[in-house]
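Position chain B relative to chain A; hints supplied.
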Amino acid sequence: MSDQQVFAGALLAAEPSCPPGLTAWNGSDPGRRFAIYRNNVVVSLIDALADTYPVTQELVGEEFFRAMARLFIQANPPRSRMLAFYGDRLADFIEGFPPAAAVSYLADVARLEMLRVSAYHAADAVPLTPAEIAPLLEDEAALPTARIGLHPSLKVLFSRHAVVSLWAAHQTTDVTRALAAVDSDVAEVALVLRVGLDVEISRIAAGAAVFITGLEQGIAFGRAAEQALAADDAFDLAATLGLLIRGGAITTMIIPRSATS
Amino acid sequence: MNKTLTAASLALALGAALTVAAAPVAAADEKMAMEKEHCYGVALKGKNDCKAGAGTSCAGTSKVDYQGNAWTAVPTGSCEKTVSKTSPTGYGQLKEFKAKMAG
Numbered sequence: 164m165s166d167q168q169v170f171a172g173a174l175l176a177a178e179p180s181c182p183p184g185l186t187a188w189n190g191s192d193p194g195r196r197f198a199i200y201r202n203n204v205v206v207s208l209i210d211a212l213a214d215t216y217p218v219t220q221e222l223v224g225e226e227f228f229r230a231m232a233r234l235f236i237q238a239n240p241p242r243s244r245m246l247a248f249y250g251d252r253l254a255d256f257i258e259g260f261p262p263a264a265a266v267s268y269l270a271d272v273a274r275l276e277m278l279r280v281s282a283y284h285a286a287d288a289v290p291l292t293p294a295e296i297a298p299l300l301e302d303e304a305a306l307p308t309a310r311i312g313l314h315p316s317l318k319v320l321f322s323r324h325a326v327v328s329l330w331a332a333h334q335t336t337d338v339t340r341a342l343a344a345v346d347s348d349v350a351e352v353a354l355v356l357r358v359g360l361d362v363e364i365s366r367i368a369a370g371a372a373v374f375i376t377g378l379e380q381g382i383a384f385g386r387a388a389e390q391a392l393a394a395d396d397a398f399d400l401a402a403t404l405g406l407l408i409r410g411g412a413i414t415t416m417i418i419p420r421s422a423t424s
Numbered sequence: 013m014n015k016t017l018t019a020a021s022l023a024l025a026l027g028a029a030l031t032v033a034a035a036p037v038a039a040a041d042e043k044m045a046m047e048k049e050h051c052y053g054v055a056l057k058g059k060n061d062c063k064a065g066a067g068t069s070c071a072g073t074s075k076v077d078y079q080g081n082a083w084t085a086v087p088t089g090s091c092e093k094t095v096s097k098t099s100p101t102g103y104g105q106l107k108e109f110k111a112k113m114a115g
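Residue numbers (the working numbering), protein chains in the order written: chain A, 164 to 424; chain B, 13 to 115.
One thing to keep in mind: the hints can contain errors.
Pairs of lysine to any residue, SDA-like flavour, derived with a Cα cap of 20 Å [what the hints assert, rightly or not]: (1) B:K93 with A:A297; (2) B:K93 with A:S328; (3) B:K93 with A:A331; (4) B:K97 with A:D348; (5) B:K97 with A:R323; (6) B:K93 with B:Y103; (7) B:K97 with A:T336; (8) B:K93 with A:T335; (9) B:K93 with A:T336; (10) B:K93 with A:H333; (11) B:K97 with A:A344; (12) B:K93 with A:A264; (13) B:K97 with A:A265; (14) B:K97 with A:S328; (15) B:K93 with A:D346.
Derived DEER-like restraints, expressed as beta-carbon distance ranges [stated by the list, open to error]: (16) A:S180 with B:G102: 17 to 25 Å; (17) A:A397 with B:A19: 16 to 24 Å; (18) A:D255 with B:P100: 43 to 51 Å; (19) A:D302 with B:T101: 55 to 63 Å; (20) A:F260 with B:G102: 21 to 29 Å; (21) A:Y200 with B:P100: 42 to 50 Å; (22) A:R252 with B:P100: 26 to 34 Å.
Derived by calculation from the structure, the hints in this document are not laboratory data. Yeah, the Cβ is synthetic: ideal placement off N, Cα and C, and Gly gets one too.
Next up, chain A with everything else stripped away, as it sits in the complex:
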C-alpha cells in the first residue's frame, strides 16, 4: 500500500490510529493532530449526509442518524469530489442495516431525499408551452406515435410506504400532528420535478406513474397511455398530461416523420 492509501485508510478506519512516519513541524504529538484531522473528515461527511437527508435524520433522531452515517462512511468513502451527491447509496445501506429494520419506510424516505438533491442539480431544459404542443393535435392519426421527452430533473419513485406523506409531514410546523394523520403502510408513488429553481414533490396515482415511466423509457404516447390504463382503471390521461404541462415537465414532443406519411 502507498503512503497515501495508508493515510486515507486511517482517516476512515473504525478505530483511531496514526499512520506511521508522521511528524509535526513544532514537535507536537502527530497522533493528536492526525486525530483532529480525522475527526474533521468524518464529521464533515456526516454533516453532508445530514444536510442531504434531513427527514431521514428526523425520523430516527440525530444520535441514531449520526451513528449510522459514521458506519456508512467507513464502508462507503467518497468516490467523487462533489459532496452534493455523496451518500447516494445511503438508502441501500439502510436496507441492509439491521438496527433500522423496524423503520421499514426509512430507506424509501432516504431515496426520496436523494432524488430531491439530484433534481436540484439536474440539467436545465426549456419546457414546451401549451402553444408549442397544440399544433400536434392537427395530425390526430399520428398522435399515438408521438415521443414525449421529459425534463432531466423528473423522477418517479414507487414505494410500498406512504413516502410522500411522511416527507410532507416533516415540512409542516407541527410534525407530530401531521404524522398522526399518515398511515405509513399505504403505498405511494412520488413524482420529483424541479419547477424553475424549486424541487417539487407530489404524490401521483399508480396509472400516472406507469404512464410517466413509460415515457421515460422512450415508449410512444399511445402505448404508454394504454399501459397505464391496463395497470390502473382509474388512470386519468388528461389530468396527468395537465400535471406534466403545468409543471414544465414536457421538453420535447415529436411525431416521427415516418408516421406522418
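For chain B alone, kept in the frame of chain A given last:
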C-alpha cells in the same frame, strides 16, 4: 385484458390538458425568467464549510463522541410518532433495537 386507446381519445385528453394548463403559463414564464439568475454557488447550504467555524478548534470533540452503537440509546426522532399498522404499538419503533443489539 387488452385496452386500446383511440387516437381521438388521446387528442381529446391532450386538448383538455392544454386548456387546463393554459392559465398558469404567465407564472411559468416568470419562473423561467428567474432561472436565468441561477447561482450555483448557493446550492445546498454549507457543503464545503467547516461547520465549527473560524477560531474554534474546528475538529474539536463536540461530535466525536457519537458512538457506533448509539442506536441503543433512546431515539429522539419522529419515528415513534409515525403510525405503523404492522407495529405492535401502532407506531414506528426503535426501542427493540436495544434488545436486538444486546442479543
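Results for each hint:
1. Proposed proximity of K93 (chain B) and A297 (chain A) is contradicted: the alpha carbons are some 48 Å apart, above 20 Å.
2. Of the supplied pair hints, the one linking K93 (chain B) and S328 (chain A) holds, its CA atoms being roughly 14 Å apart against a limit of 20 Å.
3. Distance hint between K93 (chain B) and A331 (chain A) is fulfilled; the C-alpha atoms sit about 15 Å from each other, no more than 20 Å.
4. Straight-line distance between C-alpha atoms of K97 (chain B) and D348 (chain A) comes to about 7 Å, which keeps the hinted pair within the 20 Å bound.
5. Proximity of K97 (chain B) to R323 (chain A) is assessed by CA-CA distance (about 13 Å); at most 20 Å being required, the pair is judged to hold.
6. As the CA atoms of K93 (chain B) and Y103 (chain B) are separated by approximately 6 Å, the hinted pair is consistent with the 20 Å bound.
7. The suggested pairing of K97 (chain B) with T336 (chain A) is violated, with an alpha-carbon distance near 25 Å, which exceeds 20 Å.
8. With a C-alpha separation of about 15 Å, the suggested pairing of K93 (chain B) with T335 (chain A) holds against the 20 Å cut-off.
9. Restraint check for K93 (chain B) and T336 (chain A): satisfied, since their Cα atoms lie roughly 15 Å apart, inside the 20 Å limit.
10. For the suggested pair K93 (chain B) and H333 (chain A), the alpha carbons sit about 12 Å apart, so the restraint of at most 20 Å is met.
11. At most 20 Å may separate the alpha-carbon atoms for a hinted pair to count; K97 (chain B) and A344 (chain A) meet this at roughly 13 Å.
12. With a C-alpha separation of about 17 Å, the suggested pairing of K93 (chain B) with A264 (chain A) holds against the 20 Å cut-off.
13. Distance restraint check for K97 (chain B) and A265 (chain A): the Cα-Cα separation of roughly 12 Å lies within the 20 Å cut-off, and the hinted pair is therefore satisfied.
14. For the given pair, K97 (chain B) sits about 15 Å from S328 (chain A) by alpha-carbon distance, which is consistent with the 20 Å threshold.
15. Restraint check: the Cα-Cα separation between K93 (chain B) and D346 (chain A) comes to about 11 Å, which is no more than 20 Å; the hinted pair holds.
16. The supplied range of 17 to 25 Å is broken by S180 (chain A) and G102 (chain B), whose beta-carbon atoms lie about 46 Å from each other.
17. A C-beta distance of roughly 22 Å is found between A397 (chain A) and A19 (chain B), which places it inside the suggested range of 16 to 24 Å.
18. Look at D255 (chain A) against P100 (chain B): about 28 Å separates their beta carbons, and that is not inside 43 to 51 Å.
19. Between D302 (chain A) and T101 (chain B) the beta carbons are some 59 Å apart, a value that agrees with the proposed interval 55 to 63 Å.
20. Checked against the given bound of 21 to 29 Å, the beta carbons of F260 (chain A) and G102 (chain B), roughly 24 Å apart, stay inside it.
21. The supplied range of 42 to 50 Å is met by Y200 (chain A) and P100 (chain B), whose beta-carbon atoms lie about 46 Å from each other.
22. Range check, R252 (chain A) to P100 (chain B): about 31 Å between beta-carbon atoms, so the 26 to 34 Å window is met.
Consistency with the previously given hints fails for numbers 1, 7, 16 and 18, ordered from lowest to highest.
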